Amino acid sequence: MIFAASLAAAVVIVVLSATALALWYERKLAARMQTRIGPQFVGPIGLFQPVADLLKLVQKEEIVPMGADRVLFALAPPLTVIFALAAAAFVPLWPGVAVVRSDVGVLLVIGFGGLAMVPVWMAGWASFNKYALLGAMRAVAQSISYGVPLVLAAMVPVILAGTMDLDGITQFQATHHWFGLWPIIPGLPAFILFLLAMLAESNRIPFDIPEAESELVAGVTTEYTGMQFGFVYLAEYVHTVVGAAIGSVMFLGGWDGPFAPGLHWLLLKTLCLFTFIYWIRWTLVRLRADQLMTLCWKWLVPAGLGLVFLSAAWNQTGWSR
Amino acid sequence: MAVIEEPRSYFHPLYDVMLSTPGLSVGVAPLDRLLTWGLKNALWVFPMATSCCGIELMASAAARVDLDRMGTIMRASPRQSDVMVVAGTITVKMAPRVRRLWDQMPEPKWCIAMGSCAISGDFYRNLYPVVPGIDTFIPVDVYVPGCPPNPEALMHGLMRLQEKIGLQREGKLVPSEPRPDFDAMVRPPALSRIGDAARAADLSDRQEQAALTMCPDAAPGVVEDEEKGFAQPATQATPPLNTELVELLRDRFGVTEFPLNAPPVVSADKHLELAATLQKMGYRQFLFVAASHRPAKEGSEDLCEVAYGLRTVGAGTKEAIWQVRVPTNQTVPSLVPLFAGADWQEREQYDLVGVKFAGHPDLRRIMMSDDWVGHPLRRDYPADKECAPWR
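Keeping their order, the protein sequence lines are chains B and G.
The opening residue of the first sequence carries number 60 in my numbering; numbering runs sequentially from there.
The opening residue of the second sequence carries number 1020 in my numbering; numbering runs sequentially from there.
It is worth saying that the hints were derived from the structure and are not from the lab.
Model, not experiment: these values are computed from the prediction.
Glycine is no exception: its CB is placed at the ideal position from the N, C-alpha and C atoms.
Mixed in with the good hints there might be a few duds.
To be verified - Over 10 Å on every C-beta distance to chain G, these chain B residues come out as not near it, computed from the model:
| # | residue |
| --- | --- |
| 1 | Gly97 |
| 2 | Gly105 |
| 3 | Leu113 |
| 4 | Gln230 |
| 5 | His235 |
| 6 | Trp241 |
| 7 | Pro242 |
| 8 | Ala277 |
| 9 | Phe288 |
| 10 | Ala362 |
As the list claims (entries may be wrong) - On the chain B side, residues computed to face chain G include the following (Cβ under 7 Å):
| # | residue |
| --- | --- |
| 11 | Ile96 |
| 12 | Pro98 |
| 13 | Val101 |
| 14 | Gln108 |
| 15 | Leu114 |
| 16 | Gln118 |
| 17 | Lys119 |
| 18 | Glu120 |
| 19 | Ile122 |
| 20 | Arg160 |
| 21 | Ser161 |
| 22 | Asp162 |
| 23 | His236 |
| 24 | Val276 |
| 25 | Thr281 |
| 26 | Glu282 |
Said to hold, decoys possible - Computed footprint of chain B on chain G, listed as stretches where at least three residues anywhere in the stretch have a Cβ under 8 Å from a Cβ of chain B:
| # | stretch |
| --- | --- |
| 27 | 1288 to 1294 |
| 28 | 1315 to 1326 |
| 29 | 1366 to 1376 |
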C-alpha cells in the first residue's frame, strides 16, 4: 500500500517534470524546424523557460467573466490535469510494476482519455464565450468520433496478446514480438491508426481545430487567465506525454528492450514517439472540420474494423505461439 | 491631450500575506527578485497589429530575430497575454476596441507602442479619423520609434520593458511616464488645410479641376503648367461619352451641355427615370456613386455633386456616367430599388459627404462610428478641435 502510494507520487512527479521538460523540448524542436533558436536566455540553453512561464502564470490576475458559471469555470482546468494524469497510473514501468495493475488496463486508459473531454466541455460551457463554446463543441465531437478508431486500434494488441492487462501485453511482446513491428499487417497499420487517433483525442495538429487561432481565438481556453490557463496548457502536454507512453507500451514493447529491460527503455520510446508527434505538429497544417470527420468515419473506422478482423485471423494461424 | 492613468495598484495576494505577517516581510525582497524574474522572462505578446508595423512584428517572431529566444510568444487571446504591442495606425473607430481588449488583459500588463503611428499618429496625425498616439487612451510603457521599426528595434523595446519590470517592488507596477506635449513640439503645417475658413475661395475649385484632368477619359495628354502649379487639360480632347448615352440624354432628358472633363448634369427629378431607362437598355452593372461637396461661392449655392456610373455586361462593354447636382440640404433619389449594389456605396457617400438619398432602405453611417459628428469630406468640415476633441 505504502509502496503503491509512493510509486504513485513518484509517477506524478516524474510525469509533471517530464511535461515541464516537454514544454521546453517542444519549443526548442519547433524553433529548430523553423530555423530559429528557441528559448536561449532563460537558464542554460533556455532550460528554465517553463519555470519562468509558471512563475508568471501564478502571478497573473484571475478573471472570471461576467455571466460565467463560476463553479464549473474554476473546476474544469484542474480536472483536465487530473484526468490526463490518471491514465499514467496504468502504464507498466518495469516488469510486473505499475501504479495500478488492472486486468482491464486498456479499457481504463481509453476510458480516462475519453473522460478528459468532460472538463473541456465544462470549460467551454462555463466560460460564457462563443469561441470557447464552439471550441469545446468541436473538441467533444472530435473526441467522440476518434474514440472509435482509437478503441479499434487498441483492440489489435489486445487480441494478439489475448489480454487487456497492459503489463500482460508488454510481457507478451517481450517474449514474442513487438506489435508495432510484427505481425506487420495488423500490427504496423494499427500502430499508425493508434497514433492518429491519439493525436486527434488530444487535439494536436493536424487535428487541432478546437483551438484554431484564426477562427476561434484560443478555443476552450479563450477566457482563462493565469494559472487556470496554465492547467489546461499543462494537461495538453500531459495528455501527449502519457499518450506517447501508452502507445509505446501497447505497440513498441514498453519496458522491453535489448540488454537490460526496464524503465529507461519505456522513457526512451516515449521520447521518440513524443518527438514524432511534435514533428508532425510543426510540419503539417490543420484539417478542416469536415475533412476531419471524413477521415475518421470513411477511412479510419473501416480500416480499424479490418485490422481487428485481420488480427483475429492471425491468431487463428497460431504462428505467434 | 493625453489621458494619464492613475498608477494601477494590482499586486499579488501573496504580498499581502507576507507584508502583514511579522517575520515574513524579510522574504519580500527575494520574492520580488524571483517573481520579477518570472515576469521578465515570459512576456507573452498580444499582437494588436493593424498595419505595416504588424509585418515587422510577425518578422520579429520569425527566424532572424526570434523573440522566442527571450521567452516571448504570441497569444491570440488577450486573457493570456502580458504585453499588448500596438503596431500600426489606430483610427477613432478602432480605439474603443483596442481599449476594450486592453481592459480584458489580466494584470500585471504592459503596453508597447510600436512605430510612429502608434506613438503619435505620425503623418496621419492630422487626418480626421486617426488617433494621434495610443497613449491618449491606454497607458504606454515603452515607445519603439520607427516607420516601421525593424524587428531588432522591437526586441530592444522588449528588453527595455524587462528593465522596467525589474524595477518593480512588492508587485507594484512602475507607472508609465506622462507623455510629452506633442502639440507644443510639432510645427503646424505651412499650408492651410481644406477646412480652413481663411483659405482662398477659388482654391477648392482649382484643386477639383486639377483632379478631374487626372481622369483618363477627360483629357489624354495632360500638360503640366508650372506657373499655376496644377495640371491643365489639353486643348484637343476626344469626347469621353458614349454616343448612345449622349443621344438618349439629348433627346429624352433635355440635356444640352456635354462638357469634356465632367459627366453631363441631369436634373434630380429625372435621375431615377434615366437609371431605369439605362437598365432596360442593358446597363445592368452598377459601377459607382461618387459625391463631392462644393461650398457656396458668389453665384452658386452650397452644392453636392453626385456622379453615378453604370456599365453593360458582356463583350463590348459600354459605360454610362452622369451626375446630379443638388443643394446640400436636399435629397437625391436613391438607386437602391434598381441596383442593389448601390446600397453600401450610397451609405458611404452619405457618411462621408452627407448626401441624403431619398428611398434608401438603410441610410446609416458605414465607415465612421455611429456617434460621429458631421461629414468629414465636406469642404467646410472643421477638421480640427471641434470634431476631434482629443487634439
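Hint by hint, here is what the structure shows:
A beta-carbon of chain G comes within 10 Å of the beta-carbon of Gly97 of chain B; the shortest separation is about 5 Å. Some Cβ of chain G comes within 10 Å of the Cβ of Gly105 of chain B; the nearest lies about 8 Å off, and the non-interface call is violated. Listed as outside the interface, Leu113 of chain B is inconsistent with that label: its C-beta sits roughly 7 Å from the nearest C-beta of chain G, within the 10 Å cut-off. Against chain G, the non-interface label of Gln230 of chain B holds: every CB pair exceeds 10 Å, the least being about 43 Å.
Under the 10 Å C-beta cut-off, the non-interface status given to His235 of chain B relative to chain G holds; the minimum distance is some 45 Å. Listed as a non-interface residue, Trp241 of chain B keeps its Cβ farther than 10 Å from every Cβ of chain G; the least gap is roughly 42 Å. Residue-level check passed: Pro242 of chain B sits 44 Å from the nearest beta carbon of chain G, beyond 10 Å. Not every CB of chain G is more than 10 Å from the CB of Ala277 of chain B (nearest about 4 Å), against its label as outside the interface.
Residue placement check: Phe288 of chain B does not keep its beta carbon more than 10 Å from all beta carbons of chain G (closest about 5 Å). No beta-carbon of chain G comes within 10 Å of the beta-carbon of Ala362 of chain B; the shortest separation is about 35 Å. Given hint, Ile96 of chain B at the interface with chain G, holds; its Cβ is 5 Å from that chain's nearest Cβ, closer than 7 Å. Given hint, Pro98 of chain B at the interface with chain G, holds; its Cβ is 6 Å from that chain's nearest Cβ, closer than 7 Å.
Look at Val101 of chain B: its Cβ gets to within about 5 Å of chain G, closer than 7 Å, so that hint holds up. At a threshold of 7 Å, the smallest CB-CB gap from Gln108 of chain B to chain G is about 5 Å, leaving the interface hint in force. Hint on Leu114 of chain B holds. Least Cβ distance to chain G is approximately 3 Å, under the 7 Å limit. Annotation: interface hint on Gln118 of chain B holds; nearest CB of chain G at approximately 5 Å, less than 7 Å.
About 5 Å separates the beta-carbon of Lys119 of chain B from the nearest beta-carbon of chain G, less than 7 Å, and the hint is met. Satisfaction of the interface hint for Glu120 of chain B is found here, the shortest Cβ-Cβ separation to chain G being roughly 4 Å, below the 7 Å cut-off. A hinted interface residue such as Ile122 of chain B counts as satisfied when its beta carbon comes closer than 7 Å to some beta carbon of chain G; here the least separation is about 5 Å, so the hint holds. Violation of the interface hint for Arg160 of chain B is found here, the shortest Cβ-Cβ separation to chain G being roughly 40 Å, above the 7 Å cut-off.
For Ser161 of chain B, the interface hint is violated, the least distance from its beta-carbon to any beta-carbon of chain G being 38 Å, above 7 Å. Interface restraint check: Asp162 of chain B against chain G, minimum CB-CB distance 42 Å, threshold 7 Å, status violated. Hint status for His236 of chain B relative to chain G: violated, with the closest Cβ pair at about 42 Å, above 7 Å. Here the hint on Val276 of chain B is kept, as its CB sits about 5 Å from the closest CB of chain G, short of 7 Å.
At its closest, the beta carbon of Thr281 of chain B sits 5 Å from a beta carbon of chain G; the interface hint therefore holds under the 7 Å criterion. Here the hint on Glu282 of chain B is kept, as its CB sits about 6 Å from the closest CB of chain G, short of 7 Å. Evaluation of the coverage hint for the stretch 1288 to 1294 of chain G: breached, as 0 residues show C-beta separations to chain B shorter than 8 Å, against a requirement of three. Figure legend: the stretch 1315 to 1326 of chain G, annotated as covered by chain B; annotation inconsistent (0 residues with Cβ-Cβ distances under 8 Å, at least 3 required).
As drawn, the stretch 1366 to 1376 of chain G meets chain B at 0 residues by the rule of a beta-carbon pair under 8 Å; below three, the given contact is violated.
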